[in-house]
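**Q** In case you want the letters, here they are:
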Amino acid sequence: MWRNLHVAVVLALLPAMPAIAADETGIVLSPGAGLDKVQAGCAICHSLDYIQMNSWFQDRAGWEKTVTKMVKVMGAPLTPEDVAVVVGYLEEQYGKTPPAAGTTGG
Amino acid sequence: MDRRRFLADSSATLAGGLLIPRVLLSEEMVSGLPAGAVDTGILNALPGKRELIKRSFRPPNYETPVALFREELTPNDAFYVRWHTGVPDVSVAEWRLRIGGPGVKSPREFTREELRRRFDAAEVVAVNQCSGNRRGLFSPHVPGVQWGYGGMGNARWSGVRLKDVLEDAGIAPGALEVVANGADAPLLEATPDFVKCLPMWKALDPDTLIVFEMNGEPLPAWNGFPARLVVPGWTATYWIKALTDLTVVDKPFDGFWMKTAYRVPKGMFGASGFESQDTEQNSPITAIKINSLIVSPAPGTALAAGRRAEFHGIAWDGGSGIARVEVSADGGNSWKEARLGRDLGRYSWRQWRWDFTPKAAGPLSILARAFARDGSTQSEKLAHNPAGYHHNLVQKADYDVA
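Top line first, the protein sequences correspond to chains A and B. Anchor point for the first sequence: position 32 equals 32 in my numbering, and the numbering is continuous, going up by one each time. Anchor point for the second sequence: position 15 equals 1015 in my numbering, and the numbering is continuous, going up by one each time.
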């Protein structure tokens, strides 16, 4: 129970508390379709530098394995539709090679 | 509830001050890491720590820059940080260590002062090395925290023997493993709590300790205050931080972090010494493999032809002790023995030094390899495994001679 409460509290406070999030808000992921789902689904439990740190060497199957583990084992609150979107984003932006300049939309 | 309070993130110290992350100087960089890990591996100071290389902000995973390994014992404020979930903020007044389970005769509960009073003091100098240290150097890369060389440190650990505490509670017939849990807990109910276990023989080893201090000072919160397990010779995954519960069980513990994570392919690295956790396919990672590191001069440093250069390094293994370290300046055709530093015990790393005068200008590569007293030596070919453990390739450090 308290854990669920905690999630709610953390999520509610994130934008308002620079002391908790200042460094993390310095993390800028590549813009692209699905970024919102990545931010909502992954940043509950860990900073998003985990994604950058693990690039660029994973293909679609690699990211699929990671995201599936996050959902099935770690309990990330992503629907199957969300998983498809998140995996697509990761493959596109943090796959085997950095996205070519000008193709990321930003 | 108190122990569930989590420390504010590192940025607390930065909130009103400088927010400019310092990127690494070239001599602090490690070649071979994924590009994304290089980009995000900035220097950043957690409260009470000096600037370390940030791998991830939350949970905090920070490694020690190699230059700081020149010291025999790694200072507490330079010691690497590794958490799976939030860092617990534990008050000593409320902290208790509970000992129970079907494998003990009389369950116990102690305050820190009761532990200190009741049991003999014990200490050990030991290397604490993350299982995934050097994962970032795997080729091909494997996912996980992309550690360079600094997911490790050497310290003098002081506390009481785990053996004495367990025997005080009385070990029942059939006791098989000691399950250890700390105050850290995941945010989501569904996430597996970080819990590990030890076989009885390792738990009863007189060098396996419950410690309150490192290097004569209380453990920093980042390193497990107020008490953590010290399991000399085994990788740091077993050194449970902010320890609260020891449960002696009579059946193999099957938590996620034992059964599924921290595994190596069966037989790839020899016997695990932990039969109750072995399966047909794999084994838990256990003892540290023989390894060494060239600390200075940092690779890439300019050396002068005709001028003596002093090479300093460290070597360590899983507890047999270091027999010798050899260095080569000709690509491994010939090897010279380095001079070993003080012996602080078989679980400590051993410093070494080798002097060499490069004759001519041009590129120079130095290789270093350590030999343990058990006869083992470092790998020449990477034993690639899915989780990226036990990277102990013979190191090649490149320099420019002018």
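These aren't lab readings, by the way, just hints derived from the structure by calculation. All values derive from a computational prediction rather than experimental measurement. It is possible that part of the hints are untrue.
[Unchecked claim] Stretch-level coverage of chain A by chain B, calculated; a stretch enters the list once three of its residues show a Cβ under 8 Å from a Cβ in chain B:
#1 40-47
#2 80-86
[Unchecked claim] Here are the simulated DSS-like cross-link-like pairs (lysine-lysine), alpha carbons at most 25 Å apart as the crow flies:
#3 B/1105 to A/69
#4 A/37 to A/72
#5 A/69 to A/37
#6 B/1163 to B/1105
#7 B/1381 to B/1396
#8 A/65 to B/1251
#9 A/37 to A/96
#10 A/69 to B/1396
#11 B/1336 to B/1266
#12 B/1381 to B/1266
#13 A/72 to B/1396
#14 B/1163 to B/1251
#15 B/1251 to B/1266
#16 B/1105 to A/65
#17 A/37 to A/65
Each residue gets a CB set at the ideal place from its N, CA and C atoms; glycine is no exception.
**Q** Confirm or reject each hint.
**A** Results for each hint:
no. : hint             : result
1   : 40-47            : holds (count 4)
2   : 80-86            : violated (count 0)
3   : B/1105 to A/69   : violated (39 Å)
4   : A/37 to A/72     : holds (17 Å)
5   : A/69 to A/37     : holds (17 Å)
6   : B/1163 to B/1105 : holds (14 Å)
7   : B/1381 to B/1396 : holds (13 Å)
8   : A/65 to B/1251   : violated (31 Å)
9   : A/37 to A/96     : holds (21 Å)
10  : A/69 to B/1396   : violated (35 Å)
11  : B/1336 to B/1266 : violated (35 Å)
12  : B/1381 to B/1266 : holds (18 Å)
13  : A/72 to B/1396   : violated (40 Å)
14  : B/1163 to B/1251 : holds (20 Å)
15  : B/1251 to B/1266 : holds (21 Å)
16  : B/1105 to A/65   : violated (44 Å)
17  : A/37 to A/65     : holds (17 Å)
Taken one by one, the earlier hints fail for this structure at numbers 2, 3, 8, 10, 11, 13, 16, listed in ascending order.
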